[in-house]
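A.B. asks: The lines below spell out each chain.
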Amino acid sequence: MKKNIKIIALTVLILLSFTIVKSQNRDLTVKLTNPLKAGKLNVELFNGSIKIVGYSGKEVMISADGPYYPGKGNQKPVKDTSKKVSDFVSQENNLVKIKVEQPLIMNFVIKVPRNFSLVIKVLTAGDVDVEKVDGDHEVSGISGNITLSNISGSVLANNVRGNIKVDFNPVKMDAPLALSSVLGTINLSLPANVKANVKLQTDFSEIHSDFYIDEGTPGQKSKNIIRRTIGKINGGGSEIFIKTVGGNIYLRKRK
Amino acid sequence: MEDIDLELKILDYLQNHLLEADRREVELLRETSPAFAAKFNEVKQVWEGLDLRKVPDTSPELTSNFQAMLKTFELEQAHGKVSSLAGVLGKIADLFVYKPKYNWAYSILLISAGALGAWLLLKQSNTNQNLSLVENDQKQIRVLTMLKDSAANDRMKAVNYTQQLHHVDDKVINALFVTLNTDSNENVRLVTLDALLQLADNPKVREGLVNSIIKQESELMQVALADAMIQLQEKKSAKSFKKLLENQNTKSPIIKKKLEQTVKELETI
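Those protein sequence lines, which keep their order, are chains A and B.
First residue of the first sequence: 1, per the working numbering; consecutive thereafter.
First residue of the second sequence: 256, per the working numbering; consecutive thereafter.
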C-alpha cells in the first residue's frame with residue numbers, strides 16, 4: 001500500500017515537472033531595449049486568437065498555444081511540438097514582433113506594459129481582445145470579433161465579418177478614432193464629456209446613440225445613403241469615423 | 256425899378272442868366288442912364304471881388320445813381336418796417352429748409368470715412384491673408400511629411416488635417432491619391448476618400464476618384480466609392496462598378512447588392 005502511494009506520488013511529480021517544462025517551452029518573457037520608453041507590439045497571425053492585457057511591469061510576457069497544422073477535412077488540427085514560442089518572436093529597439101505564417105494556427109495571451117502601442121493583424125479567423133493598454137492601436141481582422149476595453153489613445157480598427165467593440169477611457173485629444181466593418185456591428189463607448197466630430201455611416205442598417213450629435217445644417221442626401229450622421233458632440237474635437245455596410249452602429253456614453 | 260431888383264438883374268446879366276430882351280434893356284440903360292451905369296459898375300466890382308469858385312455841375316450819371324440808391328433805400332425801409340417779426344420767423348424756418356449743400360457735404364464726409372475704413376480693413380486682411388497663406392503652406396508641408404509616416408494614426412491625422420486647409424495644392428492632392436490607392440490601412444483609405452470628396456469641385460479630383468474604383472480590392476472601399484460616385488453624380492463610373500462585379504465572384508451578397516444598386520442608380524442619372 002505504501003509502495004503504491006509512493007509510486008502515485010512519484011508519477012504525479014514526474015507529470016508535474018513535465019508540464020512545468022512544457023509550459024516553460026510555451027512562455028516567453030521579452031525584455032525591451034529601453035524599458036523607460038514606450039514600446040510597440042506588432043502581431044501578424046494567419047489564423048488564431050490573441051488576448052493582450054496591459055500591466056504595471058516593464059517586460060512583454062508572451063504565452064502561446066500551438067502552433068497547430070490545420071486538420072485535413074473534418075479532422076482536428078495537429079500540434080507541431082518541434083516549434084517554440086521564441087521561433088515566432090523578435091525584439092529590436094522596443095519593437096516586439098510576432099509573426100505566424102500560413103497555414104499555422106496559433107493562439108496568444110500577452111501581457112504588455114500599460115503604455116504600449118499595438119499593431120495587430122489577423123489574416124483569417126480569430127478574435128482580438130485587448131484590455132487596459134494606452135497607445136496608438138491598429139487592429140484588423142476578417143471574421144473574428146475585435147474587442148478593445150478600457151483603453152486610451154488612438155484606434156484604427158477594421159474588420160470584414162466580425163464585430164468591433166471599443167470602450168474608451170479617456171479619449172486623448174487629437175487622437176483619431178476610426179472603426180469600420182463590412183458586415184459586423186460596431187459598438188463604441190466614450191466618456192460622456194468627450195469632445196468629438198463624428199462621421200457615422202451604415203448602408204443597410206441603423207445608427208443608435210445616446211449622445212446629442214449636433215448635425216448643423218443637413219447636407220445633400222442621396223437615396224442610396226440611407227443612414228449617415230455627421231456632426232459634433234460637445235462642440236467638436238477629436239475625429240471619429242465609423243463605417244459599416246451591413247452592421248448596426250452603436251455610439252454610447254460610457255457608464 | 257427898385258434897387259434890389261436892379262441889382263439882381265445886373266447880377267443875372269453878369270452871370271449870363273438873362274434872356275435876350277432883358278439883356279438889351281440892361282445894356283441900353285447902362286448907355287443911357289449914368290446912375291444905372293454907376294450902379295452897374297458897383298455891382299460888377301462887388302461881383303468880381305467875390306471871387307466865386309466855380310462849383311462843377313453834377314454829371315447826369317451821378318444823379319441817376321443817386322436816385323436809384325435813394326429808391327432802393329426807401330423800398331428797404333418800407334419792407335423792414337412791415338416784417339421784423341416775419342424776419343425772425345423766417346430765420347428760424349431757414350434752419351429747417353432743405354439745403355442740398357449740407358447733404359452733399361455730409362455724404363462726401365461719410366463716403367470718405369467709409370473709404371478710409373475699407374482701406375484700413377483691406378490692408379489688415381491682406382496682411383492676414385499673407386500670413387495665413389504662409390501658415391497654409393507650412394501646414395501643407397506638414398501634411399505631406401505626415402502622409403509618409405509609418406504609423407497609420409499619423410497618416411490618419413494628416414488626412415484629417417487636410418480638411419482644415421483653406422487651399423490644397425496639386426502636391427497634396429497627388430499625395431492623397433497615393434494614400435487612397437496604396438495605403439495599407441483601410442481606415443486611412445476610407446478617411447482619405449472623405450477628404451478628397453470635399454475637394455471634388457476640382458475636375459482632377461473627380462477623375463482620380465473614378466479611376467480609383469477598379470484599384471480597390473477592399474469591399475468597404477468599393478462601397479464607399481459607390482456612395483461617393485452617387486453623391487458626385489458621376490455617371491461614367493458605372494462602367495467601373497460593372498467591371499468590379501464581373502471580376503470578383505467571392506464577393507459577399509450584400510456587397511454585390513450594393514454595387515448593383517449603385518450601377519442602377521448611376522445609369523438613371
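Hints are computed from structural coordinates only; laboratory data are not their basis.
Small disclaimer: the values here were computed from a predicted structure and weren't measured.
Be aware that a few hints might be false.
[Stated by the list, open to error] Going by beta-carbon spacing under 10 Å, a handful of chain A positions derived as facing chain B:
hint, residue
1, Ile5
2, Asp27
3, Leu28
4, Val30
5, His137
6, Asn150
7, Val155
8, Ala157
9, Val160
10, Thr185
11, Ala192
12, Lys195
13, Lys199
14, Glu206
15, Ile207
[Said to hold, decoys possible] Think about it this way: if two alpha-carbon atoms lie no more than 25 Å apart in a straight line, the pair counts; the simulated BS3-like pairs of lysine-lysine are:
hint, chain 1, residue 1, chain 2, residue 2
16, A, Lys121, B, Lys394
17, B, Lys394, A, Lys199
18, A, Lys121, B, Lys470
19, A, Lys232, B, Lys394
[Said to hold, decoys possible] Counterexamples of contact, computed for chain A against chain B with all Cβ distances above 10 Å:
hint, residue
20, Pro35
21, Asn169
22, Ser209
C-beta: ideal position from N, C-alpha, C; glycine also.
A.B. asks: Hint by hint, note whether the structure agrees.
C.D. replies: Hint by hint, here is what the structure shows:
1. Ile5: This hint is violated: Ile5 (chain A) lies away from chain B, its Cβ roughly 61 Å from the closest one there, beyond 10 Å.
2. Asp27: violated (30 Å)
3. Leu28: Violated, about 26 Å.
4. Val30: Status violated, d = 21 Å.
5. His137: holds (8 Å)
6. Asn150: violated (19 Å)
7. Val155: Constraint on Val155 (chain A) satisfied, holds at 8 Å.
8. Ala157: holds (7 Å)
9. Val160: holds (7 Å)
10. Thr185: Given a least distance of 14 Å, the restraint on Thr185 (chain A) is violated.
11. Ala192: violated (23 Å)
12. Lys195: Given a least distance of 15 Å, the restraint on Lys195 (chain A) is violated.
13. Lys199: holds (7 Å)
14. Glu206: violated (15 Å)
15. Ile207: violated (15 Å)
16. A:Lys121 / B:Lys394: violated (32 Å)
17. B:Lys394 / A:Lys199: holds (23 Å)
18. A:Lys121 / B:Lys470: Holds, because 22 Å separates the two Cα atoms, which is no more than 25 Å.
19. A:Lys232 / B:Lys394: Roughly 24 Å between the alpha carbons, so the hint for Lys232 (chain A) and Lys394 (chain B) holds.
20. Pro35: Its Cβ never comes within 10 Å of chain B, the nearest being 21 Å, so this holds.
21. Asn169: holds (18 Å)
22. Ser209: The assertion about Ser209 (chain A) holds, with a minimum of 19 Å to chain B.
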